[in-house]
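K.L.:
Listed here are the chains, written in short residue letters.
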Amino acid sequence: MELIFPAIGEVMQPINLVVMAIGLVIGMAIGAIPGLNVPLAVAISLPITFHLAPLAGIAMLVGIYKGGTYGGSISAILINVPGTPAAGATALDGYALTQQGHASKALRVALYSSFTGGLISDLSLIMFAIPVAMLALKIGPAENFALGILALTLIGVLSEGNMVKGLIAGAFGILLSTVGLDPLNGETRLTFGLLDLSGGFQFISLIIGVFAIAEAFALAHATAGRLVASVGQRISAAGKGMSAADWRLCLPVMLRAAPVGVFIGAVPGLGSAISAFINYGIARNFSREPEKFGKGSLEGVAAAESGNNAVCGSTFIPLLTLGIPGDTITAIMLGAFMVHGLIPGPALFTTNADFVAAFFVAMLVSSILMLAIGRLGLPLFVQAVRIPNKVLFPIVVALCMTGVYASSSSYFDLYVMLGFGLLGYGMKRFGFPVAPLLIGFILGPIVEVGLRQSLIISRGSLEIFVTRPIALICLLLAALVAAWVAIRQSKGVKS
Amino acid sequence: MKTTRRILIGALLALPLATHAFTASAQQYPAKPITFIVPWPAGGTTDIIGRLLGEAMSKELGQPVAVVNRVGGGGAVGTKAAFDAPKDGYTVLVTTSGNHVLTPIKGNVGYQPDDFIGIGQISSRTLILATKSDRWKSARELIADAKANPGKFTFGAVPNVLPFLVASGFARAAEIKLTHVPQTGGAPGVTGVLGGHLDLVPESLESVQQHLKSGAMRGLVVFNEARDPAAPDVPTAKELGFDVVGNPWTGLAVAKGTPEPIVARLRDVMAKVAKDPAFVATVERSGASVEYLDGPAFTALFSRDFEKFKAASQ
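Chains as they are written, first to last, in the working numbering: chain A, 280 to 774; chain B, 675 to 988.
Read the hints as simulated data drawn from the structure, not as lab findings.
Incorrect hints may appear among the rest.
[Said to hold, decoys possible] In silico lysine to aspartate or glutamate, EDC-like type, Cα no more than 20 Å apart, as pairs:
id : chain 1 : residue 1 : chain 2 : residue 2
1  : B       : LYS780    : A       : ASP461
2  : B       : LYS811    : B       : ASP902
3  : B       : LYS851    : B       : GLU815
4  : B       : LYS826    : B       : ASP808
5  : B       : LYS780    : A       : GLU466
6  : B       : LYS826    : A       : GLU742
7  : A       : LYS417    : B       : ASP808
8  : B       : LYS984    : A       : GLU466
9  : B       : LYS780    : A       : ASP475
[What the hints assert, rightly or not] What follows is a list of derived Cβ distance ranges for each label pair:
id : chain 1 : residue 1 : chain 2 : residue 2 : range
10 : B       : ALA971    : A       : ILE327    : 30 to 36 Å
11 : B       : SER807    : A       : SER737    : 23 to 29 Å
12 : A       : PHE407    : B       : GLY915    : 47 to 53 Å
13 : A       : VAL297    : B       : ARG901    : 43 to 49 Å
14 : A       : ALA626    : B       : PRO970    : 38 to 44 Å
15 : A       : PRO531    : B       : LYS851    : 51 to 57 Å
16 : A       : LEU756    : B       : ALA974    : 53 to 59 Å
17 : A       : PRO748    : B       : PRO707    : 52 to 58 Å
18 : B       : PRO824    : A       : ILE409    : 35 to 41 Å
19 : B       : PRO903    : A       : PHE407    : 36 to 42 Å
20 : B       : ARG901    : A       : ALA677    : 53 to 59 Å
21 : A       : VAL297    : B       : SER977    : 49 to 55 Å
22 : A       : LEU473    : B       : SER977    : 25 to 31 Å
Ideal Cβ placement from N, Cα and C applies to all residues, glycine included.
With the sequences and hints as input, model every part of the structure.
P.N.:
Now the structure itself:
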């Protein structure tokens, strides 16, 4: 505790605040531009930070990371383009809200949820780092498989009322995720001999395709067929901010999503996109108005944004306490720590306690700065709704193309994105929900790798899923959710 | 008047051609920005080394260096892109033993190791077989225990990468049976050992060094010709009587057919950067270490390692 006050003094030095703010602005821009991803932004900025003092350099990277995770929601809500994979869940309801003339409200919910989720995550990092890390280490292949299965049951939750099409979409998502190199033995699968397919489909091409490009196709079709009906209609007003009733609706959702996100962030290999979708599913399950999900639910935006930002602080738990990077960004941050002579791991807390304290303060300060910068930028962002669709969507398509090309330097990924655009358009026309497709796609590899690794370790015995308590609990919960969904579904059909 | 305008337009149109003729000459090299292709994801060891080299070399060359990640197919996508680019020295491959040698062993990817000329090796890493510190105290203990319990103990590694090859080579040489649990990357294997889900992990020394220092993990054997000064207590496989050696390397290469003077210029600049103490210090702080080899010596590794690991992977 005696370390906190000097740490506050250090973090509050103008240089640190300035680089942190620069990092946040860069992050928000990168996050909001489709295709440009946050790991790439952090990797490119890493050499720059070598020339800064350790705290300033790391504070800048933290700013990019947090700003980027939030920034994805801005374009997801305003133009149906999730700037980052984690904002895919935000686009599901956020864009519907914009179409209904509630852009301003949706953006506020996203900002305040991001802040709340991020802040709770930072506090968890500061207060419970060691116990959470010990819990996260217990998550092995068997637990990953069971967690994945539990999360997959959310496809059922999200498909209520449209069960068959939802399950088809979910299964198709899992199928898409198997294309490319087999994650375990490196053999190519379903690539039809194309070298370009050996890397598999990129999640960013998939989400930009099924959201932005599909929307552009729908709009083009509507215009060409003079069916200026419901498709692509947008009210070009931003609407009002959040009312007290909106707060009462969203705050519990934010607070519930944050701990789930904290846990997911602490487990290496899961990440913010998974947290966003899982929290979206959970929120629908507990909502009083589940039918609004996908059609403009504030709760959906709150759950997704609180959930994905709640990962930002806790991904540092395994990094700082054990020296284990949980995802690409923390792997890059590990490099940044090492360059400055700070070796993450249990020893860091004793040898560099003053630095750890300053890092904690920097995490908190960056959350507050993000709220301030995001709030200042809000009136600017909402101007996007005033651009008419026929001007906006050509720009959006061009942005998506350049963004995806800039991050992958591959024409093939552009065709893939356009292909997914057609897929998304087709799904929309024939009433297939998009969320199950995305959930299947991100969870497929986790379930597959977990199952295969577990069975190799157990030498083919299924006992491993019963004898390990966390795995067993998750599988039982999964069965419970499935049964519950089945009961609700059959009741719904009868009535 | 009309003729003057025509001549003027003609001259303007010819201008790009003239500059093109100039850029083609090696004396003018580099006349435009250079691209470094990294066939591995942003933020990994190769990417960081590539970016540091790019930054340092761009100062010497007087042109910006753009680092581009072309990821996929075990590094094949980026390597093939560097091979297919114009052979004019403006596309340089940041290459590793993985994409350069091991990926072509696995199947036809459209290039062979010898399709490239080495500019120089920047680093070579030590591989170590590590375990949780409350398990075996030495490689001898592991071997005795594994002989008594064939197939009981697991090691986590990405299939067919160098750490996998040395670990399975070690098991074969020591006549023990270890169960391979395929991993999706190096870091998950280390996490698996720390979490008690795996018994052993073969990894680069720098990625487990902090766990060795903190006492969470123990190194049993390294796969070098001689002991690594950074882990002086860990014996080499050779000392234990097993001839298993493998070092993953990283360096720069250009496609064969690049003009000789351009290759020479790149080699000179890289040599200068690699010997610059400030550059060496920056790389070392990022957790890697500089092990410079000049162009010809590095090029010689391509076919040597191809033959060596082709034999080992069969």
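K.L.:
Now tell me if each hint is right for this structure.
P.N.:
Hint check results:
1. For the hint linking LYS780/B to ASP461/A, the alpha-carbon distance of about 14 Å falls within 20 Å, and the restraint holds.
2. Straight-line distance between C-alpha atoms of LYS811/B and ASP902/B comes to about 19 Å, which keeps the hinted pair within the 20 Å bound.
3. In summary, the hint linking LYS851/B to GLU815/B is supported, as the alpha carbons are separated by about 14 Å, within the 20 Å threshold.
4. About 17 Å separates the Cα atoms of LYS826/B and ASP808/B, which keeps this hinted pair within 20 Å; it holds.
5. With a C-alpha separation of about 9 Å, the suggested pair LYS780/B and GLU466/A falls inside the 20 Å cut-off, and the hint holds.
6. Note on LYS826/B and GLU742/A: the hinted pairing holds, with a Cα-Cα distance of about 16 Å set against a maximum of 20 Å.
7. A C-alpha spacing of about 17 Å is found between LYS417/A and ASP808/B, which places the hinted pair at or below 20 Å, so the restraint holds.
8. Distance restraint check for LYS984/B and GLU466/A: the Cα-Cα separation of roughly 17 Å lies within the 20 Å cut-off, and the hinted pair is therefore satisfied.
9. The hinted pair formed by LYS780/B and ASP475/A meets the criterion: a straight-line CA distance of about 17 Å does not exceed 20 Å.
10. Roughly 33 Å separates the CB atoms of ALA971/B and ILE327/A, a value that falls within the hinted 30 to 36 Å.
11. The hinted window of 23 to 29 Å between SER807/B and SER737/A holds, with their beta carbons roughly 25 Å apart.
12. As the Cβ distance of PHE407/A to GLY915/B is approximately 48 Å, the hint placing it in 47 to 53 Å holds.
13. Checked against the hint of 43 to 49 Å, the pair VAL297/A and ARG901/B passes, with Cβ atoms roughly 47 Å apart.
14. Checking the proposed 38 to 44 Å range against ALA626/A and PRO970/B shows it holds: the Cβ atoms sit about 43 Å from each other.
15. Under the hint 51 to 57 Å, the C-beta atoms of PRO531/A and LYS851/B, about 55 Å apart, fit the expected range.
16. At about 58 Å, the beta-carbon gap between LEU756/A and ALA974/B stays in the expected band of 53 to 59 Å.
17. Range check, PRO748/A to PRO707/B: Cβ separation about 56 Å, and the 52 to 58 Å hint holds.
18. Look at PRO824/B against ILE409/A: about 38 Å separates their beta carbons, and that is inside 35 to 41 Å.
19. Here the CB-CB span from PRO903/B to PHE407/A is close to 39 Å, well matched to the stated 36 to 42 Å.
20. Evaluation of the 53 to 59 Å hint for ARG901/B and ALA677/A yields a pass: the beta carbon distance comes to about 57 Å.
21. A hinted range of 49 to 55 Å holds for the C-beta pair VAL297/A and SER977/B, which are about 52 Å apart.
22. Separation of LEU473/A from SER977/B is about 28 Å and conforms to the stated range, judged on CB atoms against 25 to 31 Å.
In summary, the structure agrees with every hint in the numbered list given earlier.
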